[in-house]
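Protein sequence lines correspond, in order, to chains A and B. My numbering puts the first residue of the first sequence at 279, with every later residue one more than the last. My numbering puts the first residue of the second sequence at 279, with every later residue one more than the last.
Don't read these hints as lab results, they were simulated from the structure. Be a bit skeptical, because a hint or two may be false.
Which copy is meant is left open, because identical chains are indistinguishable; a pair holds if it fits in one copy or across any two.
What the hints assert, rightly or not - Pairs of lysine-lysine residues, derived as DSSO-like cross-links and limited to a Cα-Cα distance of at most 27 Å, are as follows:
(1) Lys468 with Lys391
(2) Lys468 with Lys354
(3) Lys468 with Lys500
(4) Lys398 with Lys354
(5) Lys426 with Lys391
Just so we're clear, the structure is a prediction, and the values are computed from it rather than from any experiment.
Protein chains: 2
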Amino acid sequence: MKNVLLMIQYDGTEFSGWQRQPNKRTVQGEIEKVLTRLCKQPIKINGTSRTDAGVHAYAQAASFAGEFKIPVDRIKPAANGLLPDDIYIINVEEVNDDFHARFSAKGKTYQYKILCTKEKNVFSRNYYYNIYKELNIASMRKAAEFFKGTHDFAAFMTSGSQIFNTVRTIYALDITEEELDEEGTNIAGKLLTVEITGDSFLYNMVRIIVRTLVETGLEKIKPEEIPYIIESRKRSLARLIAPAGGLYLYKIYFNDVEIRR
Amino acid sequence: MKNVLLMIQYDGTEFSGWQRQPNKRTVQGEIEKVLTRLCKQPIKINGTSRTDAGVHAYAQAASFAGEFKIPVDRIKPAANGLLPDDIYIINVEEVNDDFHARFSAKGKTYQYKILCTKEKNVFSRNYYYNIYKELNIASMRKAAEFFKGTHDFAAFMTSGSQIFNTVRTIYALDITEEELDEEGTNIAGKLLTVEITGDSFLYNMVRIIVRTLVETGLEKIKPEEIPYIIESRKRSLARLIAPAGGLYLYKIYFNDVEIRR
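Construct all of the structure, not just a fragment, from the sequences and the given hints.
Next up, the structure:
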């Protein structure tokens, strides 16, 4: 019996998300089809994170186990030769029997990309949250501080989730800025990258936090209101959500020591 | 009678090119549908450049004339409200009666983007020519010099084109390089931008020239061979073509003085 860990990159634009669904094009579905063919037996993979439609991954993790003949070091080139253009397997390795991509994960980092430009540009639509206004970044950073640490994040979860424990820990939450200047084009503006690391995240938690940060950047919410929104545990106060296309699953940690803090 | 000039940006990925075709999604077709609705009469537009499927435009030009009620300064917001996400009208202005986007053009600049990385990354597939090797940029620049000036470019045209005069002038051909470093991801490498300005271009001429430059970068062709390939006037010596997704129509000149030289 072999237990195998895959590191997977994908452009989420044309997928109905990670999770296998009948008659829909999903990342899990495409990978399972290819592995089933290579391993000559039905393969089901366990992904660490069930990313939504439109969400991207620099490095998603997934594991699967089975008795199959293909040598583990042949899986990467063989699978990449069969997979569609918007999925790429970065790494394949054999892991211990008790390893499980979902249950063994100790933490995750997501990046969220916001592009502030004067007007629309067609190239950023699937990869950024496009905002045609200036954001007050100092306010956003001040707001970000209030999210760090261990809190009950019930207010930052899409309602309807069947989760009872809504306490999560955010280890790091940073906002970096970069000027984009494509001379002569209308793609000139400010790229903000929100990087958030936590032990795990509630459904839509990153996108709701980012949208709340943007609202503080637009000066519609004051940073000082964040603790009250968290304490309220009510989704109604943080009911807006940032678009899927700006979100990137960036890194998964299987070792406590590695986590970015 | 009003004569109107549009400046148009589009992401070519999901279009069967610029030119209207029955039952195909084209940039011209989408824009004409919207303008026909806004102007309440059938509108046909003349684009400067008939870009192929997958080719992008930072700024394509197109003109149309008609007797219509909508004020010219209302066209931009109204059209952008109706157009799909991958087309954006940057500018709309009224021009002289004798102006025609195709026949009044004095020159064009194209950009072509090449990304050299160690291995595949899924985010660049529709926007760059992805090369998983290092290129000899000094050789490419040496080769580029031989294309400048006025030549018969018959060898750099897709055969079958019904064009009798294959003499064209290239005013400028520059290659710039930039290091891309996305820490922790597999998107790290060198971005080369080939910028080419000419009076006009034969069918596929830019993509064939770029592919020839890449072949010199890969050291499969010597820069000194370029003059012989041009003089041969035979497509067979330059039969390779760079992919559509790396090509961007960057600027159109309606005034000789503005042309980048």
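Here is how each hint holds up against the structure:
In this homomeric assembly, lysine 468 and lysine 391 come within 27 Å of each other (Cα to Cα) both inside a single copy, at 10 Å, and across copies, at 22 Å. When the C-alpha separation of lysine 468 and lysine 354 is checked against a cutoff of 27 Å, the pair qualifies only between copies, where the shortest distance is 24 Å, while the shortest distance within a copy is 37 Å. In this assembly of identical chains, the alpha carbons of lysine 468 and lysine 500 lie at most 27 Å apart only when taken from the same copy (22 Å versus 42 Å across copies). Taking CA atoms no more than 27 Å apart as the test, lysine 398 paired with lysine 354 passes between copies only; the shortest distance there is 12 Å, against 39 Å inside one copy.
For a Cα distance limit of 27 Å, the shortest separation of lysine 426 from lysine 391 inside one copy, 19 Å, qualifies, whereas the shortest one across copies, 40 Å, does not.
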